[in-house]
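Participant: Chain by chain, the residues run as shown.
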Amino acid sequence: MRRNTSTWGAEVAAVFAKEWRCEFRTRYSLNTLALFACTTLVVVSFSLGPLGVSRSQGTALLPVLLWIILLFSVAAGLPRAFVQEEETHTATALRLAATPSALFCGKLLYGLTLVFALEALVTPVYVAMTSFNVESPGLLIAVLAAGGYGLAVGSTLVAAIIAQARSKGTLFSVLAFPVLLPLLVLTVEVTRCAASGSAPDVALPQLLLYDAVVTVAGLMLFPVVWNP
Amino acid sequence: MKKLLAWLLWLWISLVIVGAFLYAPLAKGFLGESSRILFFHVPMAWASFIGFIAAAVWSGRYLFGRRDPRHDRAAAVAIELGLVFGVFATVTGALWARIMWGAYWNWDPRQISILISLLFYGAYLALRAAVDDRETRGRLSAAYALLGLVVTPFLFWIMPRITYSLHPEPVINAQGKVEMEARMSQVLYASGIGFTALFFWIHNLQCRIQALFDRRAAL
Amino acid sequence: MPGVPTHLRFENLCRRFGRLSVLKGVSGAVAPGGMLLVTGPNGSGKSTLLRCLSGLLAADSGTIEYREEEGQLDASERRLRVGVVAPDLAFYAELTVAENLEFFSRLRRVSPARGFAVLERLGLPADRLGGTLSSGMRQRLRWAWALLHSPRLLLLDEPFQNFDAAGERTARELLAEHLAAGGLAVVANPSSLDFDHAAEHLDLGG
Amino acid sequence: MVSGGIGWVVAVNLIIWTGLFLYLLRLGKRLRELEKDS
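Chains as they are written, first to last, in the numbering used here: chain S, 55 to 282; chain C, 41 to 259; chain U, 810 to 1015; chain D, 64 to 101.
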């Protein structure tokens, strides 16, 4: 029974459904992400709030802090997708049953929904608490989508790599941040343009190119990372 | 034959040293002799990147070839050496920045890019240290090295346009062409070739040392 | 060439873990309907051999040749075709037995009905959570999972571990049916259990 | 034209480079011996 594309999609859906079903039963990632986002949000806005960041400073500083909150929240909640498979030894059954590329896409979709949920939770609260004035909200949503996608795909691939190593928690940050830094530079730049209302000349296409490049790298490297 | 090549390299780099200080004129618009560090700072950065690229090639051959442990070892050694050369390049760059602009570190995009790629390959070594099984370690670190080949160029491409650049762009490659007098670029490229040759010589020696260690460890 | 019968052959497989050399040139072959019994004390490499055969572990050297009707299968294809029962196999504690089997039957591209059939045959409680299963039930779930996609090759590592009498009887029947249908099996067990089936013997010794 | 300072710098650099070079040569020789008998 050759594996044709229609059933490949069914495999991706099966992995995605399994991830969310397990997640709803334990709510482990949801809790981690939500709590982590809220605490960093409060800490950041507290450090900004009383200081009363002026309007001009705001447009320069606030985008950076937003993306730092998102980065650290993703680093806290996303690696679990692969780390838990190895720690509970369910990875063996998965290696013997799932097509690697379908597994990667299933986990990626799961990561995407988590990141977008996180952004939907954090961004409005962040804008409100730091009175972050955004001239073109449309651009902000675009950068949240593209940046969120980059965070998800980068984190999913790095999570798959560290899942098979020791000291997974710390190792994830060490390995993921250099990969995600170029993405952050671009998302901060575009967010700054969104705040000030100016046109993001080249940063947005570069951001989309980064997403595409890391996705291709993920699809090529994941099967080799996942299987011996 | 190898001995002859070695002594040829000795002569080559000796000439580069003499040329850097006596033969090449001073770069315009720089403080006195300090610009001569250019002939050592830049080639070391080149050798470091060539090392990282070579490591990615070995990693690719390891992963998508016969999973030959020699390729895995060559990639790891190339990255270790690339980090050493990268650190030297950063230090010489900082020294030069100190002389030229009064500060060791001034968040110049080129400096940031080099630093982040060194962080990346430092993470590569952390990954190798955190995996025990030789086969898994080879596979995971090779994948990460290939990911590096994809991600780090982004740094160098996006950084310069995002932040104002203090780096001597006009001298090195303003609009992409080298605006240096012929004698300067001769010495610079000769130095680049010399340092790259030195890089791969040390790489060869280090690989053979590592091989001896692995053989003794396996006894 | 009509359907070439499925067969498995492996020649001088070696695998070491750091200083410890676990597999030192192991060879063997299994023909359709045949079974290879692998015995040896603990730590003699039985599990390592089976993990190499299933494609979960890469051998340092040596060759594994596995052929089904469509032809030669490499490690990545073999990995998805074999049926494996092994002590370290675990399933999702948050999902019920039925949900686990339903998930894997979708991955295996077989109809969920197949999952329930296997579930009934092994007497598994469909609605119990994976995490709450007893060790005997967990072993039955491993058998159910291994037979989901009716594999041609079964790799069984200590197949009757934790089983009660009924469980072992069912498992032996399933194995006998598999072999009678021309399937292949490699069974690893510390002691050479009495297999009524004529089995080739591979002792990994001390 | 060659002021004393530059001359000294060149000389020191050449000495350092020759020292490193000889060390690498010796290392290569010892490696060949080690590889021969192991």
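Where hints are given, some of them may not hold.
Claimed, not checked - Keeping only pairs whose Cα atoms sit at most 25 Å apart, straight-line, the calculated DSS-like set for lysine-lysine is: (1) C:Lys42 with D:Lys92; (2) C:Lys43 with D:Lys92; (3) C:Lys42 with D:Lys99.
Calculated directly from the structure, the hints in this document are not laboratory data.
All values reported here derive from a predicted model rather than from experimental measurement.
Participant: If a hint holds in the structure, say so; if it does not, say that too.
Facilitator: Tested hints:
1. Taken as a hint, the Lys42 (chain C) and Lys92 (chain D) pair is honoured in the structure, with Cα atoms around 11 Å apart against an allowance of 25 Å.
2. Taken as a hint, the Lys43 (chain C) and Lys92 (chain D) pair is honoured in the structure, with Cα atoms around 10 Å apart against an allowance of 25 Å.
3. With a C-alpha separation of about 17 Å, the suggested pairing of Lys42 (chain C) with Lys99 (chain D) holds against the 25 Å cut-off.
Hint compliance for this structure: no hint is broken.
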